[in-house]
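> Letter by letter, the chains look like this.
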Amino acid sequence: DAGVIQSPRHEVTEMGQEVTLRCKPISGHDYLFWYRQTMMRGLELLIYFNNNVPIDDSGMPEDRFSAKMPNASFSTLKIQPSEPRDSAVYFCASSGLVGPQYFGPGTRLLVL
Amino acid sequence: QKEVEQNSGPLSVPEGAIASLNCTYSDRGSQSFFWYRQYSGKSPELIMFIYSNGDKEDGRFTAQLNKASQYVSLLIRDSQPSDSATYLCAVNRVQGAQKLVFGQGTRLTINP
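Which chain is which? The protein sequence lines are A and B, in order. In this text, residue positions in the first sequence follow our numbering: the first is 1, and each later residue adds one. In this text, residue positions in the second sequence follow our numbering: the first is 1001, and each later residue adds one.
This is chain A alone, in the form it adopts within the complex (with noise of 0.2 Å):
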């Protein structure tokens, strides 16, 4: 299997820009997670579905974050506009019913 995959890895820009953070699940995987990891506040969830239903979103910080699921194999992580205090890695990760959950690489994000 080839793990949880995303992208882009490393995303530079400018305060106001709009980001898109790429999520591909492991296959047969009902559960997809959104992460942020920073040195202040750990790593903390931002939302979370089962079946590509959002079930949890009360981590996302604020209405610039927005996340989707269209389908089984695929989820986005938006933030628009950008802020400088957005700069974080971003991890995704999936889960079965029952069973651990494993992350992907992560996105790092720097926002000028």
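Heads up, some of the hints might be wrong.
Computed cross-link-like contacts, DSS-like style, restricted to lysine-lysine with a CA-CA straight-line distance of at most 30 Å [stated by the list, open to error]:
#1 B:K1042 with B:K1099
#2 B:K1067 with B:K1099
#3 A:K24 with B:K1099
#4 A:K68 with B:K1067
#5 A:K68 with A:K78
#6 A:K24 with B:K1042
#7 A:K24 with A:K78
#8 A:K78 with B:K1002
#9 B:K1042 with A:K68
Computed beta-carbon distance windows for the label pairs [as the list claims (entries may be wrong)]:
#10 A:E14 with B:Y1039: 41 to 49 Å
#11 A:S27 with B:K1056: 21 to 29 Å
#12 B:G1059 with A:R41: 41 to 49 Å
Since the hints were made in silico from the structure, they are not lab data. Don't be surprised by glycine CBs; every beta carbon is placed ideally from N, CA and C.
With chain A's structure known, arrange chain B on it following the hints.
Using the frame of chain A, we list chain B on its own:
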């Protein structure tokens, strides 16, 4: 009180010794417990999960769970320099990995 607490370290252990990593959690209803290892600049990688009180062994790793005292620990026997990483404890209220709450992580250094 944080939901999941870990000593941030750094924890320094000589090569060949036993490294002991501890994690406490506040929600008595927690059912599943996970240990992830994260190398600098990489994504979290699952090491072990445990659901029942007691010990669970996998190679050089042993996870210990005490629900009455609300702590879970990870022991690494015969520590190697390659074990140097940050170790993240994660907890969930149900069996399975949905909506994990992560601790801040303990940075472990194995000294040759």
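> Taking the hints in turn, state whether each one holds.
Results of checking the hints against the structure:
no., hint, in the structure
1, B:K1042 with B:K1099, "21 Å, holds"
2, B:K1067 with B:K1099, "19 Å, holds"
3, A:K24 with B:K1099, "19 Å, holds"
4, A:K68 with B:K1067, "37 Å, violated"
5, A:K68 with A:K78, "9 Å, holds"
6, A:K24 with B:K1042, "18 Å, holds"
7, A:K24 with A:K78, "15 Å, holds"
8, A:K78 with B:K1002, "29 Å, holds"
9, B:K1042 with A:K68, "25 Å, holds"
10, A:E14 with B:Y1039: 41 to 49 Å, "30 Å, violated"
11, A:S27 with B:K1056: 21 to 29 Å, "28 Å, holds"
12, B:G1059 with A:R41: 41 to 49 Å, "32 Å, violated"
The structure shown violates the earlier hints numbered 4, 10, 12.
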